[in-house]
Every structure is written in C-alpha cells, then in structure tokens.
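Engineer: Could you build the full structure based on these sequences and the hints that come with them?
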Amino acid sequence: MYRPNIRVNSLIQKLVLLCFLCLAVWLAFSAARFGAANIASQALNHSIVRWQGDYAVGNHVQPEDINNAKSLISTLDTLHGDHPHYASLNASAYIWMSILQPLKRAQYLELAHDNALRSFHSRPLWTPTSASLARIAYYRDEPFSVWLSLTNKYGRYVNETYMAHVEIGFGSWQELSPQQKRDSVKYLLAGTDTGNLRAQLTPIVTVSPGKVKICRFLAATGRSSKGPCDD
4 MYRPNIRVNS
14 LIQKLVLLCF
24 LCLAVWLAFS
34 AARFGAANIA
44 SQALNHSIVR
54 WQGDYAVGNH
64 VQPEDINNAK
74 SLISTLDTLH
84 GDHPHYASLN
94 ASAYIWMSIL
104 QPLKRAQYLE
114 LAHDNALRSF
124 HSRPLWTPTS
134 ASLARIAYYR
144 DEPFSVWLSL
154 TNKYGRYVNE
164 TYMAHVEIGF
174 GSWQELSPQQ
184 KRDSVKYLLA
194 GTDTGNLRAQ
204 LTPIVTVSPG
214 KVKICRFLAA
224 TGRSSKGPCD
234 D
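Sequential numbering of the sequence shown, starting at 4, is according to the working numbering.
Just so you know, these hints were derived from the structure itself, not from any lab.
Please note: incorrect hints may appear among the correct ones.
[Stated by the list, open to error] When the alpha-carbon atoms are kept at most 20 Å apart in a straight line, the in silico EDC-like pairs for lysine to aspartate or glutamate are as follows:
| no. | residue 1 | residue 2 |
| --- | --- | --- |
| 1 | LYS73 | ASP117 |
| 2 | LYS107 | ASP85 |
| 3 | LYS107 | ASP68 |
| 4 | LYS107 | ASP117 |
| 5 | LYS184 | ASP196 |
| 6 | LYS214 | ASP196 |
| 7 | LYS189 | ASP144 |
| 8 | LYS107 | GLU67 |
| 9 | LYS156 | GLU113 |
| 10 | LYS73 | ASP85 |
| 11 | LYS184 | GLU145 |
| 12 | LYS107 | GLU145 |
| 13 | LYS214 | ASP57 |
| 14 | LYS73 | GLU113 |
| 15 | LYS189 | GLU178 |
Structural biologist: Rendered as structure tokens:
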C-alpha cells in the first residue's frame, strides 16, 4: 500500500514541475514579445516625430524610411495586433504616410481608419485615437464633428486635441458651428503660448489648408513671432 503512494506523489511532483516549467516558458515568451513590441513602437513613434519635423522645414522623407516604418507596423501587428495602443500608433503613422506620399493617400487613409477604429473599439475614451479619427474623416471629406467633440469632452488638455482642433478647425472654418470656431481659436492661442505645444503645432499648421487663416489670426493677436508662422 505504501509504494503506490510514493509513485503517485512522485507523479504529482513531476506534473507540478512540468506546469511550472511551462508557465516559465510562457512568461519568458510573453515578456520577449512585449519587449520586442515596445522597441518597435518606440522606433515607429520616433519616425513619426522625425517626419513631422522634416515636413515642417521642407525636407523630403526618403522612401526607405517609410518602408522601414511599414516593417515596424507589421512587427507590431504580428506581436500584438489586438493591442489598442499599437493600433492607434499605427494609425498615426499611416496618416503621415498619406501626407508624405499623396499618390497613395486613399490607401494609407483606409489603413489608418482601420487601425484607429480597432483601437477606438477597445479603448473609446483614449483621446489620441479620437483625434486620429477626426483627422482621417477630415482628410476624406467625411463628417468629423463627432470625433472632434470626443477629443474636447474627454481630453481637452491632451496635445492631440490641440492639434486636431487647430488643423481641422481652421482648415474647414466655414463648416464649423460657432462653438467649434471658439474651440479652435482657444486651442490655437493656448498652443502658441506654450513652448512644447508650439513646437508640435508647427508641422500641423504646415499641413493644414487653413495655414493662411491661422497665420493671419496669430498676427492680429500679436502672436505671429512665437507661433508656427514666424518664417
């Protein structure tokens, strides 16, 4: 009666050890995936920031830079395609690709929309995603007010809210309600009065069809020397 118990206990110990080994392997694999995804996301974000700066000063972005960004997006999709943060980041990258390669604008905006919408469904209160959806709708001549209002409601102090309201608001001034116009002016003035936001506004204003209106407004309020129109 005693030996079977020993065998059973030994078997249980082996099973427990095997479970721990499997868990350790799974944790190591998951950590490696998250680490690789984090590195890829940082590299992609760096590319977006660099594109914004280059575009603002008229520097051309090389095709290989965009191809490298596509590879980073593919890596993020493979590692964590369901992660809302990475989907939102991918959307931002595709938006800028649509600006840098206008011949593929429709294709990139469709990819941006798919990624942003997937992110929004997982994290509907995340303001940068709503801002991306507002910009995408604006670029595609689609209604954008719902997305723009979400940025104002849930992230009025988030940088992406400032950018979206300035670019879209002044680019489609005649289509705005009186309140939306006031919001656009408010975000423009606050942005140009804040050093960090002012630097981020420059590439956005450069892209915006409303740049002339923005610069005239800044000049009228005595802010042209410290805004994105000081050239």
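Engineer: None of the hints should be skipped; say for each whether it holds.
Structural biologist: Going down the list of hints, with the structure as the test:
1. LYS73 to ASP117: Measuring from Cα to Cα gives roughly 15 Å; hence the hint holds.
2. LYS107 to ASP85: Cα-Cα ~25 Å, so violated.
3. LYS107 to ASP68: holds (16 Å)
4. LYS107 to ASP117: The hint holds at about 16 Å.
5. LYS184 to ASP196: holds (18 Å)
6. LYS214 to ASP196: Holds. LYS214 to ASP196 sits at ~17 Å (cutoff 20 Å).
7. LYS189 to ASP144: violated (24 Å)
8. LYS107 to GLU67: Distance ~15 Å between LYS107 and GLU67 Cα, so the pair holds.
9. LYS156 to GLU113: violated (26 Å)
10. LYS73 to ASP85: Holds, because 17 Å separates the two Cα atoms, which is no more than 20 Å.
11. LYS184 to GLU145: holds (18 Å)
12. LYS107 to GLU145: holds (18 Å)
13. LYS214 to ASP57: OK: LYS214 and ASP57 at ~17 Å, within 20 Å.
14. LYS73 to GLU113: holds (15 Å)
15. LYS189 to GLU178: Holds. LYS189 to GLU178 sits at ~17 Å (cutoff 20 Å).
Violated hints, listed in ascending order, are 2, 7 and 9; each of the other numbered hints is respected by the structure.
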